[in-house]
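Given the structure of chain A, go ahead and fit chain B onto it with the hints provided.
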Amino acid sequence: MASQGTLFVIIASALALGGCSSVTLTAGANLSKVGQTAAAQMEQNATTSSTAMLSLRKAVAFNDGFNGQIGNPDSKTFLTNVDAIQSIISQYAKMLDSLASTYSALGDLASYDAVGSFNTAFATLDKDTTKFLQSVHSTSQIPQETASAVQAGGGIVIGIIQANKIKNASRIIRAKLQIIIPIMDDPDTKKLLILNKQETTGQIDQAAEALFDCEVYSYGPLLDDLGAALNLKSNSQSDGIVAKNAKVKSGLRNVAIELANEQSDQMEASYDKSVAALKALVPLHESLEKGAPLNLDTLLAITSQLQTIATSLQATKGK
Amino acid sequence: MPNTQPSKTDVVASLAAAADSVRQAYLAAQAANPAADLSKLYKAEMAAEAIWSTAEEKALKADPAVAKAKADLDAATQDIRNNLGTLKDIAQWVQLLDGLVNLATSVGKFFV
Chain A
1 MASQGTLFVI IASALALGGC SSVTLTAGAN LSKVGQTAAA QMEQNATTSS TAMLSLRKAV
61 AFNDGFNGQI GNPDSKTFLT NVDAIQSIIS QYAKMLDSLA STYSALGDLA SYDAVGSFNT
121 AFATLDKDTT KFLQSVHSTS QIPQETASAV QAGGGIVIGI IQANKIKNAS RIIRAKLQII
181 IPIMDDPDTK KLLILNKQET TGQIDQAAEA LFDCEVYSYG PLLDDLGAAL NLKSNSQSDG
241 IVAKNAKVKS GLRNVAIELA NEQSDQMEAS YDKSVAALKA LVPLHESLEK GAPLNLDTLL
301 AITSQLQTIA TSLQATKGK
Chain B
320 MPNTQPSKTD VVASLAAAAD SVRQAYLAAQ AANPAADLSK LYKAEMAAEA IWSTAEEKAL
380 KADPAVAKAK ADLDAATQDI RNNLGTLKDI AQWVQLLDGL VNLATSVGKF FV
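Protein sequences, first through last, are from chains A and B.
For the first sequence, my numbering gives the first residue as 1, with consecutive numbering after it.
For the second sequence, my numbering gives the first residue as 320, with consecutive numbering after it.
So that you can see chain B by itself, here it is in the shape it has in the complex:
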């Protein structure tokens, strides 16, 4: 577990990276199958975008738990990036992205 408290910029960057990875997943799914219904992936994407953009203008709480939450979010973001080229099943994507959005939501709560 990281022992240093992340800055606001670090945490916002993690939220932005999470939102970006959701979009990359959407784009990968769309490139693989342009005719598919990707509305669930898109909903996850906009949820992540909203969390990121809301955090952007807020101040970060001085809560030590934010470091652990950020580390979990970064790990989930990386997991999605690692799977971009391999995962084809949209249902699996939805499951992965919902998990990431939940983590982003928990990180977003550290902003006031």
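The following block holds chain A by itself, in its conformation from the complex:
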């Protein structure tokens, strides 16, 4: 039978360990929230790139028809290549969706020890990451994780066992991030995923400019946008006046082109911020694994910038 002194040491140790595990559980819950938000935001921005690809296809169809070139073999080649790129972007978005689900499952692991959910989510992330890396022709070695990434097990001191599971879960997510990040940082991957800025918007702009030159659009939205600073609005006669004035028409044409350029700049910025967000997740995982509290400031700032870009992209599309 333990003496009173031994019993005190056991209780004190359990309380100390309980404190450590409490820090890890809290860190796990926090990392789950910020990781999920960052990955979901990245996915939303990737989906915007995918939508731009669809607009590109429509624009090429219009340009072919407009120029009497329906069935042009080069257009078909171009669209086939665009299809391949769009499928890579979809796989990229899918991987980010799986990353968001894995972070969500990390939160469940921290709150109610949901080992099964985490392993299922991670297995999907593992599969989607492999597919994505294969789609960008990455030559990186891709280690396959075991089916049961985190062992269920059991224990008398549940909190401590659960904390260890969260640390293990964090390690395997971090290992996956450290495979993904260098691929995303590769300029060739970036060029594949966001396409060349001029080429993405080029065909779309060309279709819009052709229609603009044919005077089928109302100039109202562009005029109102320019006049907003002075609280000026277009009226029912504005379109007729613009159509007759080559200088005003040329100015508005240039504004429309600038808006399109801004959208492609934002898509590029979104990609760069997404890579920065992935990088910012790594030190958070390392802190959690050391049992230290997390400093979420950097990641929260990047996620907020990603949200701003997404809002701006939506606003530009609306113009």
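These are calculated hints, taken from the structure and not from any lab test.
Honestly, I wouldn't trust all of these hints.
[To be verified] The calculated lysine to aspartate or glutamate pairs, modelled on DMTMM-like cross-linking and capped at a C-alpha distance of 25 Å, are:
(1) K244(A) / D356(B)
(2) K191(A) / D329(B)
(3) K249(A) / E262(A)
(4) K380(B) / D188(A)
(5) K247(A) / D356(B)
(6) K249(A) / D408(B)
(7) K127(A) / E376(B)
(8) K407(B) / D213(A)
[To be verified] Derived contacts from chain A toward chain B, CB cut-off under 8 Å, selection only:
(9) N72
(10) V82
(11) A84
(12) D213
[What the hints assert, rightly or not] Some but not every residue of chain B turned toward chain A, in silico, with C-beta under 10 Å:
(13) A338
(14) R342
(15) Y345
(16) Q349
(17) L357
(18) M365
(19) A367
(20) E368
(21) S372
(22) T373
(23) E376
Ideal Cβ positions, reconstructed from N, Cα and C, are used throughout, including at glycine.
Just chain B, lined up with the frame of chain A:
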């Protein structure tokens, strides 16, 4: 002649710039005369787009001749950009753009 071997990214960027300059020529011609038949310019544009987008996903051959071909393509692209504001005759544009597409085709052959 450049003495360094360009990377795949450099060469693809040159092809993209060439395709963009063809489109700029098309747009300049269209802005100057919206009613004109620009189908030949458009054909040249899509040929350049197809060469660029095909190269995008391929690997670059380790051929020393690619540096010279890229330099020639860049020079022709710049020549077209320099002429954007001055050239009005569509026939002249067609001639210039066909030359550029031929150069882009030769660069595209360095991809496997």
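### Query
How about D213(A): closest beta carbon in chain B under 8 Å, or not?
The hint holds - D213(A) has a Cβ within 8 Å of chain B, the shortest such distance being about 4 Å.
### Message
Holds or violated: the hint that M365(B) contacts chain A, with Cβ atoms closer than 10 Å.
### Response
Hint on M365(B): holds, closest Cβ of chain A at ~4 Å, below 10 Å.
### Interface restraint verdict for V82(A) against chain B (beta-carbon cut-off 8 Å)
Holds, because the Cβ-Cβ distance from V82(A) to chain B comes to roughly 7 Å (cut-off 8 Å).
### Message
K127(A) and E376(B) were given as a pair; does the straight-line alpha-carbon distance stay at or below 25 Å?
### Response
23 Å, holds
### Query
If you take the shortest Cβ to Cβ gap from T373(B) to chain A, is it below 10 Å?
6 Å, holds
### Task
With chain A as the partner, please determine if S372(B) meets the hint condition of a C-beta pair closer than 10 Å.
Since chain A brings a Cβ to about 4 Å from S372(B), closer than 10 Å, the hint holds.
### Query
Holds or violated: is there a CB of chain A closer than 10 Å to the CB of R342(B)?
5 Å, holds
### Query
Does the alpha-carbon distance linking K380(B) and D188(A) stay inside the 25 Å limit?
15 Å, holds
### Message
Given the hinted pair K191(A) and D329(B), is their Cα-Cα distance within 25 Å?
### Response
11 Å, holds
### Message
For K244(A) and D356(B), compute the direct alpha-carbon distance and say whether it is at most 25 Å.
### Response
This hinted pair holds, its Cα atoms lying about 23 Å apart.
### Task
Report holds or violated for the interface hint on N72(A), using the least CB-CB distance to chain B and a cut-off of 8 Å.
6 Å, holds
### Interface hint compliance - A338(B) to chain A, C-beta minimum distance less than 10 Å
Status holds, d = 6 Å.
Checked against the numbered hints given earlier, the structure satisfies every one of them.
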